[in-house]
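If you read the sequences in order, they're chains A and B.
One point on numbering: in our numbering, the residue at position 495 of the first sequence is 545, and numbering is uninterrupted.
One point on numbering: in our numbering, the residue at position 261 of the second sequence is 285, and numbering is uninterrupted.
Read the hints as simulated data drawn from the structure, not as lab findings.
We treat Cβ as the ideally placed atom computed from N, Cα and C, and that holds for glycine.
Be a bit skeptical, because a hint or two may be false.
Some residues of chain B that are not near chain A, with every Cβ distance over 10 angstroms (derived) [stated by the list, open to error]:
1. ARG225
2. LYS313
3. SER321
4. ILE472
Pairs of lysine to any residue, SDA-like flavour, derived with a Cα cap of 20 angstroms [stated by the list, open to error]:
5. A:LYS249 <-> B:ASN158
6. B:LYS80 <-> B:LEU358
7. B:LYS417 <-> A:PRO68
8. A:LYS528 <-> B:MET467
9. B:LYS417 <-> A:THR308
10. A:LYS249 <-> B:LYS191
11. A:LYS528 <-> A:LEU198
12. A:LYS249 <-> B:MET467
13. B:LYS417 <-> B:LEU429
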Amino acid sequence: MSPPERRARLSPRAAQLPPETREELRRHLRGLIENNRVMIFSKSYCPHSTRVKELFSSLGVDYNILELDQVDAGASMQEMLFEMTNQRTVPSIFVNKVHMGGSDRIFQAHQSGLLQKLLQEDSTYDYDLIVIGGGSGGLSCAKEAATLGKKVMVLDFVVPSPRGTTWGLGGTCVNVGCIPKKLMHQAALLGQALLDSRKFGWEYSQQVKHNWESMTEAIQNHIGSLNWGYRVSLREKGVAYVNSYGEFMGQHKIKATTRKGQETFYTAAKFVIATGERPRYLGIQGDKEYCITSDDLFSLPYCPGKTLVVGASYVALECAGFLAGFGLDVTVMVRSVLLRGFDQEMAEKVGSYMEQHGVKFLRKFVPVTIQQLEKGSPGKLKVSAKSTEGAETIEDVYNTVLLAIGRDSCTKKLGLEKIGVSVNERSGKIPVNDAEQTNVPHIYAIGDILEGKPELTPVAIQAGKLLARRLFGASVEKCDYINVPTTVFTPLEYGCCGLSEEKAIEVYKKENLEVFHTLFWPLEWTVAGRDNNTCYAKIICNKLDNDRVVGFHVLGPNAGEITQGFAAAMKCGLTKQLLDHTVGIHPTCGEVFTTLDITKSSGRDITQKGC
Amino acid sequence: AMAAMARALPRPGRRFRWRIWASAGGVRGAAGGAAGQQDYDLLVIGGGSGGLACAKEAAQLGRKVAVVDYVEPSPRGTKWGLGGTCVNVGCIPKKLMHYAALLGHMIQDAHHYGWEVAQPIQHDWKKMAEAVQNHVKSLNWGHRVQLQDIEGALEYGITSDDIFWLKESPGKTLVVGASYVALECAGFLTGIGLDTTVMMRSIPLRGFDQQMSSLVTEHMESHGTQFLRGCTPSRIRKLPDGQLQVTWEDRLSGKEDMGTFDTVLWAIGRVPETRSLNLEKAGVNTNPKNQKILVDSQEATSVPHIYAIGDVAEGRPELTPTAIMAGRLLAQRLFGQSSDLMDYNNVPTTVFTPLEYGCVGLSEEQAVARHGQENIEVYHAYYKPLEFTVAEKDASQCYIKMVCLREPPQLVLGLHFLGPNAGEVTQGFALGIKCGASYAQVMRTVGIHPTCSEEVVKLRISKRSGLDPTVTGCG
C-alpha cells in the first residue's frame, strides 16, 4: 500500500518557483524593508494605498514605495509578503522594519499616537532584540537570534516565592518544573522497583528507607549544573545576560532593575516577552504564610511529612504521586474534576490508580483557612475546608500544605499598559497572532503566557526558535500548535496527543468517530505481581476522513516514550489502517496500538486474559 | 517464537511425531490424531506463529484447513504442544530476565535518589527462574539452536531454550555467538552478577546497523561482560570438579587458548529444517547455502500452490509479529478479497541488551548500498537520559541516528535508537516511517519533555557536517 498523500504546506504558486528564485525575491524584499524608514508595498490603482501615501506626505515623512502591479515579479512578491506577514492585501506597510499592517492599522496607529512614536524612535537601538524572561522559550529565541548574527539581550529575574525560594537561569522547567519533578518521579519509581526486585530474585535487608535530604541535594546539584550550562551557552553565543527585572518605559525602551534596586535602561528594535507563570495562591487566611507551592517543594530542605495537596492539575497529581511513592501520607483535595482539559476517562483512571496505591482524595472540597499549630521542619498546620456542594466542613492536621491550583501569567508588572500591548484582563494572558506577534507590531510573546496555546517547554522552545528565524533569518515557518503531544508523570504515566474524547465529539460529532481501546498488562508487571487490567490504550478515529487518528491516549509505564513516535506519525497523517498494517515490537507496551480491534461502541469486554 | 517447522535438531534419521489439526470454518482441536485421507483447501506445515495465524485466518474465511506440526523433545526432554504454547512466548522469559537485570541496576541507582538499601545485595537465580517459569507455563524460543559439530558441544553445552529452565544458577558462563540471542543472554547474566564471556567469530548482530551494534557491545563491555573476539571454540571437556574446560582458537593468530566455565551457552544461529520435507520432490527451490525456501512478494515458492512464510523463507526478518502478519495476509489473499502484500520494509524490532537497541527501516550500510553515500543524509546525536544524571550513570553509548534520503523533503529510511526503553520509543516512529515521514515532518513534531524519545525529534546534526553530535542541555 502506498503512504497517504503528503499535504503541501506552501501555496501552489509560490511552491512552483524554484528555491533560488524564492530566496532571491525574499532577500530583495528584506532589503527594501531594512533600508527604508517607511516602506509601502502598494498597487498603483488602489485608493487605500493612495490615502496612506497622503498620510505620510502630510506627516512630512520620507517613504519608499513599490507598486506591485508595475513590476514583473509583483504577484510572486505579493505571495512572499503574505508568507512573511500573513497579510495578502495591499497596502502593506513597514515602519522602522516593523510590519504595521494595512491602511486601517496605519490610521489607527496614527490616531493613537503609536505611529508618531514609532517614527520618532531612533533606529539605532542598543540591541536588535531584548528577550524578557530566561526560561525555555526566551533562551531558545535569544540564542537563535544571536546565531543569526543579531545583538541580543536576555533579562531574567526570579521574584522570590512568598516562602523566599529563588533559583537560577533557565526558568520553570529546569528549576521548579519538568526536570526536578521527573527526577522525583523517577525516585518514586525506583521505590517501586525495589519492591519488584525481590520478586525477580534480588535479596537484601528488609529495612529500606527514603532520605529526602540526600535526594533533594542530588537533584539540586544537577539543576545547578544546568543553570551554569545556560550561562555558559549564552556567553558562547554572545547573548548579553542581565539578572534584572525588566519593565517597559517606552515603545523601544526598557528599565532593568537589579535585586539591589539599581536601575539601567536599554533600548531594542524588537522585544520578546517570555516571562512565564507562577503558582496561584488561594487568597485565604494563612495561604501565603504557611503553604508551599511547586516553587518551594523541589528544594525543600526537609521531608514534607504528612501532606495535603490542594488542586487536581497535573502538577498537583504528579507531586502527590511521588510524595506517596516515598511512603508519605498524602491527601489530594479536589474542587471539581481531575486534570481539567485532558481526556476525562483517562484522568479518572490516573486518579483511581493513585487511590489504589495509597493517595487519599477529598473530592468537592476547598480549603477555607490554614492555621499553624506548631512551627518546625516540618511544622503542623490545621486545615479547615468546606464542601462545594453543601454546608459540610472538615478539619485535619498536616505537616505540609502544597498548593497546586493553577498558575498566573507574569504579565502584570511589565509596563505593558504603557506601550499598549493588550493583555487578557481576566487570565493575564497575552493574545498573539499565528506569528506570535502582539497587537503592538514590534512586541512578540512566547511560552506559557500565550492565550490558548499549550503550556509546554518544547512548544516554547520551538516557538522561540522559529520566531527568531522569522524575525532575523530567511524562514517563514510558523510554530505548529496542532497535535502537540504531552505526558503526565503520575505514578501510572499518561501520554497523549491530539484530541480528548470529549473534544473530538465536540469537533467531529459522536456518530462520525470510532474509538478503539483496550486494557493491557505490561510484561514486567506479571512476575512482579502488579495489577492486571490497569494500563489502558485508546485511539479516536475520524470515520469521515479515512479513519484518521485524531486522538491518541496511553496510560502505562513509559507513556511519554511511547507517545512521542506516535505523535510524529500523527503529523504524517496516521490512520487506523496504517496501525493495523504495522508490525508490533514484541514484547513492549507500545505494540498494543498495532492490534487494537475492539471499538468502544461495540461495548465488548476489553479485559485481558493471558496471551 | 519461530515457525515450528524448524523445531528439530538438524540431525538426519529422526522420527517425528506428526499431529494434525483439521478444521472447516474454524480451527478445532486434534482430529483423531491420524492423518487419514482427507482433502483440504489449505494445509499448513508447521504450527508456529506464522503457520497458526495463517490457518486461523483461512478458517475464519470459511475454508477447510489442516495444520501439520511435529514435535521433537528437546535434549533436556522438554516437549511442547500446539496451542499449549502461546505463539509469542519465546520473547517473554528473555525480557523478564532482562528486566531482572535492569532491576539490579535500579537498586544501585536508588541509592542516588535517596533510597537507603543495606548491603549486601545478592541475586538468587532459583527464585527468579521459578518466578519466570511460573509465569511462562511452557516455553519455546522457536528454532532449535544449532549446535556446532565440535567435541563436547552437545554433551556439555546448553542452548537458549534451556537457560530459562535451569534450576540452579548457570554460574560462570561462556556464551558462544554474537546473535541478538547471544548478546541478550550475556547481558542479563552479567546484570544479575554472573561472570560472563561472549565468544564471537566475527561481527556482533549481523544484519543490524554495525555502528549501533558496536556501541551495544561497547556498552556491555564497560558493564562487565567480557568479549573474546575473532575466536572459535574447538573442544569442550568436563573436568573432574564438574567445570567445563573450553579450548578455542584465535583466528587471527592461529593460537589456541583455554578457559574454564560452569556453563557454555550456544547461540550461534539457526538453521531451518527444510531438508526432511522432500521439497525437491515437489520442485520447491531452496537456497543451497542455508536451506531457506525462495519466495516472491506473494510468499509463493517456485511451485505455484505452495507458499512459505516465517523464518524458513529466504530474506525475511526472523521475527514473531512479522510471521503472524505475513500468515494472516497470505490467507486473506488466498481466500479473501484482499490483494494486500506483506510489507517487509520498515519492520521495527528491538534488542533487549542491557542498553536496549530499537530500530526500524534501513541500516546505514543498507541505505548506502541502496542509494549511494552521496544521496543519504544521516542525522545523529549522543544524548544523556535525564535519569542518568542524578544516578551518575555513564551515557557514552546513548546514541540515536536517523538515516534519510538527502534530497528534500528527506524521506526517512531508517531510525536507530540506543537507550532505555528503546522498543517503546521505536514503535511509534515505525508508524511515522510507514506513513512516509520526512525528516522535516519529524522535526516539526513537538517533543515530550523530559523523555529520551524527544531526542529523536531534535536531531539536528548531520554526520556530513562533521559537527559534534553531543546534546548539551535542553533546547
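Checked hints:
{"no.": "1", "hint": "ARG225", "in the structure": "holds, 28 angstroms"}
{"no.": "2", "hint": "LYS313", "in the structure": "holds, 27 angstroms"}
{"no.": "3", "hint": "SER321", "in the structure": "holds, 13 angstroms"}
{"no.": "4", "hint": "ILE472", "in the structure": "violated, 5 angstroms"}
{"no.": "5", "hint": "A:LYS249 <-> B:ASN158", "in the structure": "holds, 12 angstroms"}
{"no.": "6", "hint": "B:LYS80 <-> B:LEU358", "in the structure": "holds, 13 angstroms"}
{"no.": "7", "hint": "B:LYS417 <-> A:PRO68", "in the structure": "violated, 49 angstroms"}
{"no.": "8", "hint": "A:LYS528 <-> B:MET467", "in the structure": "holds, 13 angstroms"}
{"no.": "9", "hint": "B:LYS417 <-> A:THR308", "in the structure": "violated, 39 angstroms"}
{"no.": "10", "hint": "A:LYS249 <-> B:LYS191", "in the structure": "holds, 16 angstroms"}
{"no.": "11", "hint": "A:LYS528 <-> A:LEU198", "in the structure": "holds, 17 angstroms"}
{"no.": "12", "hint": "A:LYS249 <-> B:MET467", "in the structure": "violated, 42 angstroms"}
{"no.": "13", "hint": "B:LYS417 <-> B:LEU429", "in the structure": "violated, 35 angstroms"}
Against the hints set out earlier in the document, violations occur for numbers 4, 7, 9, 12 and 13.
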